[in-house]
Amino acid sequence: MTEVVTVERERAGAGDPVVDARDVTRRYGAGDTAVDALRGVSLGVDPGQLIAVMGPSGSGKSTLMHIMAGLDKPTSGEVTIAGTSIGTLSDTELTKLRRRHIGFVFQFFNLLPMLTAEENIELPLSLAGRKAEGAFFEDLLERVGLADRRTHRPAELSGGQQQRVAIARALVSRPTVVFADEPTGNLDSRTSGEILELMRDAVETYGQTTVMVTHDARAASIADRILFLADGLIVRDIGRSDASEILAAMNELSDR
Amino acid sequence: MIRVALKGLAGRKLRTLLTALAIVLGVAMVSGTYVLTDTIQKAFDAIFTESYRGTSAVVTGRTAFSAGEQNGEIGAVSFPETLLARVRTRPTVDAAIGGVADETQLLGRDGEVITSGGAPNLGFSVDPTQPRFNALTLTSGGWPRAGEVAIDEATADEQDYAVGDTIGVFAAGPVERMRISGIVRFGAVSSIGGATLAAFDLPTAQKLFGKEGQLDQIRIAAREDVSPAELVADVRKVLPPTAQVRTGSSQARTEAQGTSEFIGFLQKFLLAFGGIALFVGSFVIANTLSITIAQRTREFATIRTLGGSRRQILWSVVLEALVIGVLASLVGLFLGLALAKGLNAVFVHFGIDLPNTGLVFATRTIVVSLLVGIGVTVLASLRPALRATRVAPISAVREGATLPPGRLARLRPVGALLLAGGGLAALLFGLFRDGLGTELVLLAMGGGALLVFFGVALFAAKLVRPLAGTLGWPSSRFGGVAGRLARDNARRNPARTASTAAALMIGLALVTLVAVLGQGIRSTFTDSVEALFVADYALTAQNNFGSLPVAVGEAAAKSPGVEAAAGVRSGEARVAGKTEWITAVDPDIAQLIDVEWAEGSAAVPAQLGRDGVFLDEDYATKRRLSIGSPLKLLTPTGRRLQLKVEGVFDPPPGGSPFGAITMSSTLFDASYPQPKNQMTFLNTRGGVSEENTRALEAALKPFPNAKVQTRQDFIDAQAEALGQILNILYVLLALSVVVSLFGIVNTLVLTVFERTRELGMLRAVGMTRRQVRRMIRHESVVTALIGAALGIALGVLFGALLIARVDFIEFAFPVFSVVLFTLAAIAAGIVAAILPARRAARLNVLDALQYE
Chain A
14 MTEVVTVERE RAGAGDPVVD ARDVTRRYGA GDTAVDALRG VSLGVDPGQL IAVMGPSGSG
74 KSTLMHIMAG LDKPTSGEVT IAGTSIGTLS DTELTKLRRR HIGFVFQFFN LLPMLTAEEN
134 IELPLSLAGR KAEGAFFEDL LERVGLADRR THRPAELSGG QQQRVAIARA LVSRPTVVFA
194 DEPTGNLDSR TSGEILELMR DAVETYGQTT VMVTHDARAA SIADRILFLA DGLIVRDIGR
254 SDASEILAAM NELSDR
Chain B
76 MIRVALKGLA GRKLRTLLTA LAIVLGVAMV SGTYVLTDTI QKAFDAIFTE SYRGTSAVVT
136 GRTAFSAGEQ NGEIGAVSFP ETLLARVRTR PTVDAAIGGV ADETQLLGRD GEVITSGGAP
196 NLGFSVDPTQ PRFNALTLTS GGWPRAGEVA IDEATADEQD YAVGDTIGVF AAGPVERMRI
256 SGIVRFGAVS SIGGATLAAF DLPTAQKLFG KEGQLDQIRI AAREDVSPAE LVADVRKVLP
316 PTAQVRTGSS QARTEAQGTS EFIGFLQKFL LAFGGIALFV GSFVIANTLS ITIAQRTREF
376 ATIRTLGGSR RQILWSVVLE ALVIGVLASL VGLFLGLALA KGLNAVFVHF GIDLPNTGLV
436 FATRTIVVSL LVGIGVTVLA SLRPALRATR VAPISAVREG ATLPPGRLAR LRPVGALLLA
496 GGGLAALLFG LFRDGLGTEL VLLAMGGGAL LVFFGVALFA AKLVRPLAGT LGWPSSRFGG
556 VAGRLARDNA RRNPARTAST AAALMIGLAL VTLVAVLGQG IRSTFTDSVE ALFVADYALT
616 AQNNFGSLPV AVGEAAAKSP GVEAAAGVRS GEARVAGKTE WITAVDPDIA QLIDVEWAEG
676 SAAVPAQLGR DGVFLDEDYA TKRRLSIGSP LKLLTPTGRR LQLKVEGVFD PPPGGSPFGA
736 ITMSSTLFDA SYPQPKNQMT FLNTRGGVSE ENTRALEAAL KPFPNAKVQT RQDFIDAQAE
796 ALGQILNILY VLLALSVVVS LFGIVNTLVL TVFERTRELG MLRAVGMTRR QVRRMIRHES
856 VVTALIGAAL GIALGVLFGA LLIARVDFIE FAFPVFSVVL FTLAAIAAGI VAAILPARRA
916 ARLNVLDALQ YE
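For the protein sequence lines, the chains are A and B, in the order given.
For the first sequence, this note's numbering assigns the number 14 to the initial residue and increments by one for each residue that follows.
For the second sequence, this note's numbering assigns the number 76 to the initial residue and increments by one for each residue that follows.
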């Protein structure tokens, strides 16, 4: 499995960031009511890393993720995904880029209610007109613990199980980077722990580059690198830390 | 992606079903129409083919000219019997017989004419010595000899007649009592679609029909080794110009042509209503898909983040529509079979009895029904599908994401007005531009109306707020808090309410149009008949439109107390290269029918003599004719008449009692064979009285097909005929109204689903289930009323425009009908709300609040 990931990394240029944001600003609205969600953020995501982006509500952390994932366009600045600058891409080119390089995990899972777990997981491949590789697919199902739930529909699964399906769906196309938006925001703490373990496991096993937006210190503690945003700027950038260190850093920021 | 679409449909069974129903009915109408008309066509083809099975060639009279554009067909003319002997001398002829045929009524045991709806009463001669020419088979008794009749089995059974009984037979003269010699069948069937059959020997038939020494037809069998074509060529050598010869199969085709044309018209007429239902259905489909797509915004956004392209989203929606279309069309196709039987029953009920011999299910029926149903569904899905492609991927991560407004949303009201304006322009062009072909007129009017509907439907979103405010006032005033919320809910998503109401609008616009036209015709006609018709009594055939032998009028004129009597005969003539509908009148007519004279005076009709005519002013103007102008006229039997214009009358609005050209009955009777009166008018001493009525009825005893009507009876009978036509149109348009009801049900079901959380909240703060139901019901009624208001307004507009074009109708507002339609719309709204209201009331408060 790791060979494949290596290949992907080489294509992105070994050691170069797989996602690169340069001087990104984002302004919503115009005139007096204009809001600057991002006021000049630069960030490179290195391959194989799990980055957590933290910050209070309105800090711009979600906006940053949306822009890095190509869901939203920056007002100024440049974003490069896997070596491609996305600023000038057409909708179709952007769609192709997402298919190949990006996976998503959402707070509310966003599974399609009429499809089974297995079909939901396969969806990104089906959309791209590809088939799952048998061995990898089985390994993935096993790893997320859904091997015996594959024909269940989302309504028949618990929240934790649904998010496992969502994670498997994000991983199935072996994307260059997975973006996770508050992946534990809608789960109880025990289930959250399992989901975080699973995400860390993906980084360890498949070398899956991941960007996670969260306001949960425990979630951030699985990251290799933790960014703190406030008022549209990166105010701190620390390495791997445990939950109490992260909480301390958060308090420090909010005290400022 | 295919799987997403298909599984999505399977997961939304109820709404898929409701959506499909919108198309099912339209397709059923299309397939039912084809099945019905094909079946009737086949039955008639079989009858005509059977009739000429053993006949190689047929000689018939030739009219001096063929039918004009407006007139369907000219009655056949007879020819001298002596021709038969000459035909028999031809070397190619093996055998030949002469025959006559005419309308012949049989009397029931109660002395009344036997009728079965509008089915014909056929009388004809048979020659049992030549069985190969005879399509009849005896089931009991023997063939008729002089003064005897053979009748069909169905009539005999129904009236309990048997061989040896005496039956009243009525054709050109007074009723004759005849012995029933035998009971017959036509081929293998006992009846031809309710027609009565009366068969006689040739001399009896000739005498009965007033065709002594005449024949209508010679049937010829060829010698062996002679082909029908050779036979025809040979026989033609001895024919005078007043006769023609055709092969047996060609004769069958010619005779079938009249019915084929009628069936073709019926087919187009019914298909038009299927088309309207489908058009309404397309609104329902587009609206339902728009709502479901709005509700699935997050789903589409998620697919987009996972790498789904716009094209894939587009195809998934179109594919859904395709599947709905296929299912609905298949169901509709077979429902059409059942509908064909139902429609037949409707026609029978309204007195149009048609022969029916097993349903015909042609390949064309299947192909057209499926194509149309699937095509309409897919077309209707395109706009919602395009909107779905505009869902941004970022909506997947946003709370409460909504479908973005289209790029052209701002321009929508302008575009809508342009569409409606363009449609109206096309409509006006089709209506008022002279010299357009019929097809172009229909195209401009149909297309124009279509565009107007589209435009108004699109613009209606702007009208929903004020309309719901006004029409919802009773709800908010008397419906309590539920009524107030209902009104606000109807205004909440104007575009949705508008397109739901638009579907109902179309049906109601057409129904109102019919009502406006009906009312206009009724009032104009009543006014003009009251002004025109100054006679005390009118004589018509029992069915109000058939013709009566001249003898009937003569008998009535001799009745005691009759002071003036005049018949109106009608026929065709060739004048200046065109076939015209002409009439002939008795001298007394001016005392009975009072028209305005543009040239000449009321004295003109009595002074026509043997070469005078009077003209309709429209015709006179068109042909630049006035008093003293000469006029050359050719009759169907080839007589050339040199005539002179004696007067010009001003045709009243509401229809003229006379044709373009009117001659004296004396001249007509001398120039036209077997003259018959369309109507006869009478004045009696003392006006309408029971005594006079009784005297007239006694005088007409020998003519059971004649009906004595007082002035008022006559006016009522004409209005009743119009009422029946209106009723048929209403029944057919009801189909599209039903389709639009499914649209309301659909929208409400989806709205309830969408507002689950809100309904839970309302229930949590104390709204009772009853109040929930009432709220939904009021919203439904408000929506229906918006559709009714728009539809009635459009219908009145269309009706006024049409009436402005045709100068013989005056506009009259159908107050009663409009009130009725409004009440019907309210009832429709209540019915449509039943299912959605029940679903809303059933919601569990807790579940509703937790719903995500």
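FYI, nobody ran anything at the bench for these hints, they're computed from the structure.
Mixed in with the good hints there might be a few duds.
[Stated by the list, open to error] Sample of chain A residues with no beta-carbon within 10 Å of chain B, all distances over it, derived:
#, residue
1, Asp-29
2, Pro-137
3, Ala-141
4, Val-248
[Said to hold, decoys possible] Subject to a maximum C-alpha distance of 27 Å in a straight line, what follows is the list of computed DSS-like cross-link-like pairs (lysine-lysine):
#, chain 1, residue 1, chain 2, residue 2
5, A, Lys-109, A, Lys-86
6, B, Lys-117, B, Lys-537
7, B, Lys-82, A, Lys-144
8, B, Lys-697, B, Lys-707
9, B, Lys-82, A, Lys-109
10, B, Lys-282, B, Lys-776
[Unchecked claim] From the derived model, a few chain A residues whose C-beta atoms are all more than 12 Å from chain B:
#, residue
11, Asp-33
12, Gly-71
13, His-79
14, Pro-188
15, Glu-217
16, Arg-231
17, Gly-252
All residues carry an ideal CB built from backbone N, CA and C; glycine is no exception.
Going down the list of hints, with the structure as the test:
1. Asp-29: Holds: least Cβ distance 23 Å, greater than 10 Å.
2. Pro-137: Violated: least Cβ distance 4 Å, not greater than 10 Å.
3. Ala-141: Nearest chain B Cβ is 6 Å from Ala-141(A), so the label is violated.
4. Val-248: 23 Å, holds
5. Lys-109(A) x Lys-86(A): The given pair, whose Cα atoms are some 17 Å apart, holds under the 27 Å limit.
6. Lys-117(B) x Lys-537(B): Since the Cα atoms of Lys-117(B) and Lys-537(B) sit roughly 52 Å apart, the hinted pair is violated (cutoff 27 Å).
7. Lys-82(B) x Lys-144(A): 19 Å, holds
8. Lys-697(B) x Lys-707(B): Answer holds: Lys-697(B) to Lys-707(B) is near 16 Å, not above 27 Å.
9. Lys-82(B) x Lys-109(A): Holds, at roughly 25 Å.
10. Lys-282(B) x Lys-776(B): 20 Å, holds
11. Asp-33: With a cut-off of 12 Å, Asp-33(A) remains clear of chain B, as the shortest Cβ separation is near 20 Å.
12. Gly-71: 14 Å, holds
13. His-79: 6 Å, violated
14. Pro-188: 9 Å, violated
15. Glu-217: It holds; Glu-217(A) is separated from chain B by about 24 Å at its closest Cβ, greater than 12 Å.
16. Arg-231: Arg-231(A) clear of chain B: closest Cβ-Cβ about 22 Å, beyond 12 Å.
17. Gly-252: Non-interface label on Gly-252(A) holds, nearest chain B Cβ at 28 Å vs cutoff 12 Å.
Going down the numbered hints, you'll see the structure goes against 2, 3, 6, 13, 14, while the others check out.
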